[in-house]
Amino acid sequence: MRTVALHVRAGPRSQPQSRRHPWCTVRQLGQRQGSAQCAVPEVYGPAGFRPCGRKPPRHRGHHELRLAGGSPHVLFDIDPASSTGDLLRADEQKIADLVHHQETARFLWETGIPHCSGLFLMTSAVAAANPGAPGGAIEPEDEVELDAWEDRDLLKIGYISVRDAGVYIDRDTGVVYVSPGAEELYEPVNADVSAFAYTLLLIAREIPGEDPDQEDLSRAEESVRNEVGTRDSIAFAQPDGLWSEYFDSFLY
Numbered sequence: 001m002r003t004v005a006l007h008v009r010a011g012p013r014s015q016p017q018s019r020r021h022p023w024c025t026v027r028q029l030g031q032r033q034g035s036a037q038c039a040v041p042e043v044y045g046p047a048g049f050r051p052c053g054r055k056p057p058r059h060r061g062h063h064e065l066r067l068a069g070g071s072p073h074v075l076f077d078i079d080p081a082s083s084t085g086d087l088l089r090a091d092e093q094k095i096a097d098l099v100h101h102q103e104t105a106r107f108l109w110e111t112g113i114p115h116c117s118g119l120f121l122m123t124s125a126v127a128a129a130n131p132g133a134p135g136g137a138i139e140p141e142d143e144v145e146l147d148a149w150e151d152r153d154l155l156k157i158g159y160i161s162v163r164d165a166g167v168y169i170d171r172d173t174g175v176v177y178v179s180p181g182a183e184e185l186y187e188p189v190n191a192d193v194s195a196f197a198y199t200l201l202l203i204a205r206e207i208p209g210e211d212p213d214q215e216d217l218s219r220a221e222e223s224v225r226n227e228v229g230t231r232d233s234i235a236f237a238q239p240d241g242l243w244s245e246y247f248d249s250f251l252y
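Just so we're aligned, residue 1 is where the sequence shown starts under UniProt numbering, counting upward by one.
A portion of the hints provided could be inaccurate.
Pairs of lysine to aspartate or glutamate residues, derived as EDC-like cross-links and limited to a Cα-Cα distance of at most 16 Å, are as follows [to be verified]:
{"no.": "1", "residue 1": "Lys94", "residue 2": "Glu145"}
{"no.": "2", "residue 1": "Lys94", "residue 2": "Glu110"}
{"no.": "3", "residue 1": "Lys94", "residue 2": "Asp142"}
{"no.": "4", "residue 1": "Lys94", "residue 2": "Glu143"}
{"no.": "5", "residue 1": "Lys94", "residue 2": "Glu141"}
Listed next, with one range per pair, are the computed distances between beta-carbon atoms [what the hints assert, rightly or not]:
{"no.": "6", "residue 1": "His100", "residue 2": "Asn226", "range": "40 to 48 Å"}
{"no.": "7", "residue 1": "Gln102", "residue 2": "Asp211", "range": "43 to 51 Å"}
{"no.": "8", "residue 1": "Pro131", "residue 2": "Asp213", "range": "33 to 41 Å"}
{"no.": "9", "residue 1": "Ser244", "residue 2": "Glu215", "range": "14 to 22 Å"}
{"no.": "10", "residue 1": "Gln102", "residue 2": "Glu150", "range": "42 to 50 Å"}
Read the hints as simulated data drawn from the structure, not as lab findings.
Just so it is clear, CB atoms sit at the ideal spot from N, CA and C, and this is done for glycine as well.
Work the whole structure out from these sequences, hints included.
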């Protein structure tokens with residue numbers, strides 16, 4: 001049986017160092033280009049986000065995104081064959097020991113979560129080998145982080161570049177949370193891990209990769225909201241929630 005190093009956090013969270021961020025939105029690019037605080041990462045940001053002074057490539061391969069439709073246990077039964085190959089899978093043995101919600105655990109090791117050109121990074125503490133993962137897709141962390149918050153038992157699985165936030169799953173229910181920086185707050189962002197993954201896949205498919213105009217971005221936001229929101233009541237429930245903030249950074 002494999003031994004997993006655990007870190008159960010108690011007390012205030014220390015402020016992490018920035019992780020290849022911050023991304024510059026299209027709106028911010030002209031203001032921050034050349035600024036010392038805006039480092040160019042090794043990987044491109046999500047569509048519509050640009051490391052300073054550089055254009056992202058167009059996203060390819062998401063046009064045939066499909067749902068397998070065979071599982072009643074997750075909101076979006078994603079067909080891995082329809083992704084671009086950047087799905088980051090968790091280690092089966094680690095996750096089986098750490099996640100009590102069986103459908104969530106199975107999704108993490110069988111399907112995985114898309115890297116989405118740097119929008120999501122998985123921690124090495126839970127990641128499988130992922131030999132085909134893009135450079136920088138796995139964030140080095142030696143210890144598994146378990147957080148207790150109110151009546152919830154949370155496992156950290158990675159980071160999302162929006163707010164430079166940690167991504168957590170409820171080990172008992174599968175609900176996905178984010179927690180930015182040193183704050184002792186956790187915001188629910190998706191009803192389950194499949195909805196989190198599908199939102200990322202839709203972002204990669206729908207948002208134009210080069211010089212999107214407001215009409216393009218509004219159409220992309222509407223498409224993502226409609227496809228995810230019909231099944232996931234959490235994703236866009238709050239006007240200042242994470243996914244709403246992501247699109248607002250382009251549109252306003």
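Check your understanding: Looking back at the numbered hints, which does the structure fail to meet, lowest number first?
Key -> 6, 10
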